[in-house]
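Sequence order for the protein chains is Z and L.
Note that my numbering has the first sequence beginning at 36, numbered continuously upward.
Note that my numbering has the second sequence beginning at 716, numbered continuously upward.
Hints were generated in silico from the structure; no laboratory data involved.
Since this is a predicted model, take the numbers as computed values, not measurements.
Heads up, the beta-carbon is just placed ideally off N, CA and C, and yes, glycines get one too.
Just to be clear, a hint being listed does not mean it is correct.
Said to hold, decoys possible - Facing chain L, a subset of chain Z residues (Cβ under 10 Å, in silico):
1) G51
2) C58
3) P61
4) D262
5) A263
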Amino acid sequence: MDFKDYARQPQKLASGQKSCSGCGFPIIIRMAMSAIDRPFVVCQGTGCVSVTTTTWPFTSWKMPTIHSAFPNLASTAAGVETAVRVMKKKGKLKKDIKVVAFGGDGGTYDIGIQALSGAIERRHNILYICYDNQAYMNTGGQRSSATPYGAATATTPHGTLHHGKELFRKDLTYIVAAHDVAYVAQASIFDFADLTRKVKRAMEVDGFAFINILSPCVLFWKIPTSDAYKISELAVKTCFWPLYEVDHGKWILNFKPEHKMQIEAFLKPQGRFKQLLELRNRHIVDGLQQRVDRKWKELLFMCEKTKEKPEKKEVKKVKKKKIVKKPVKKGVKRKPEPKIKTSKTRSKFAKLKDKLKRKRR
Amino acid sequence: MKKKKAGKKPEKVKIKKIKVKKPPQPEWKTKPIGGMIFEAGNSLKYLTGTWKTARPITNYDKCIHCLKCVVYCPENCIKAKNDKKDHTEYQYCKGCGICAQVCPVKCIKMEDEDKFQE
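Build the full structure now, drawing on both the sequences and the hints.
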């Protein structure tokens, strides 16, 4: 996919939706939907997407959509997919319709994880896209399990005693990959070609596909409105948000930065990490860097482990040369082998020592 | 054993039915159930362009028509025609400035909205 291909197509999400200026998720949705070239139904969970795009009586979607509550986005999508399958079986429907679900990190990492896990286990034919803005943004920026260490949120503010959220984030892409699912990927708006290719691949795959995308939030990450692209670029280049995919159990790394940047570069432009950059909190930043390095190493190991190795060529059998024993010359005496202390001789010495000790006493 | 009561049956009392005027239906009952919307993409009527504090101005002499700004505009208000950047729809532009940030030749400038108010 090219920038020009994107510009040629008709838009599937109309303008006039009410997200904050400079928000990341409309870019994600536009990019993802531009890569889909067949009819589809959209399911949207509660979150920034449903609040801003479908405020009654306006809707920005140009295709059928269904909105559901926080905990059951994946089960709603599963229901729609089953209905489509049954109607096709009965001959009422002839089009090949795919179901696409958009959920936020609150509805996917925390509240909706059991529905998601169930839908994966039942092998529904769904594409699930999670736009991860790392907190509950539409209710006022409360922390979620996707919030990284040290970030200030409404429920974990910076202060004299605490420095933001003091727990590490959950890695959902790993959790979904552990389900042995058809296709899992992690993407970013920084790489347009990569994101669209991943969505296309996810549509081809028969089975559950999951894509996790980082979506910068202007209001609670405390960044200028124009920095959504820049921040997501830094997240990729510091290896905080690596781009990779797991295709039927095969791990593939999509982007390897030439020079791995320090995590500070990602923390600095964001207001939510303001306190971590003070001198007294230096050890926390070092800890974060260590964790990112460890995760990166783990990922590289997984990619190396499941790499497809080229098949071994048949090696021609080489005839072994016969070893000719050299005749031993007569009259040459062999050197006597040096004596080695055996356990028996040692034990005798030890016994004697013991006896001597007893006598002295 | 209960003794059966002997006597007259009580006469039925006729109750007059009073006609009550139904209150006029509230407005929300006339709307479709479940908050359904039947018109696709009708948010075009809602102009978000009034929010902006800065306006992107493109210098078309400098522009190389790479269309990166078209892709990264969250509002999709930068339009292209025949693979070339054509115009910006200011009625939907929220003035975030991503297009100016992303532009490889820096031909887009953000200017104060106050200038254009009159």
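Against the structure, the hints come out as follows:
1. G51: 4 Å, holds
2. C58: 6 Å, holds
3. P61: OK, holds: P61 (chain Z) within 10 Å of chain L, min 4 Å.
4. D262: 7 Å, holds
5. A263: 6 Å, holds
The structure is consistent with each of the numbered hints, conforming to all of them.
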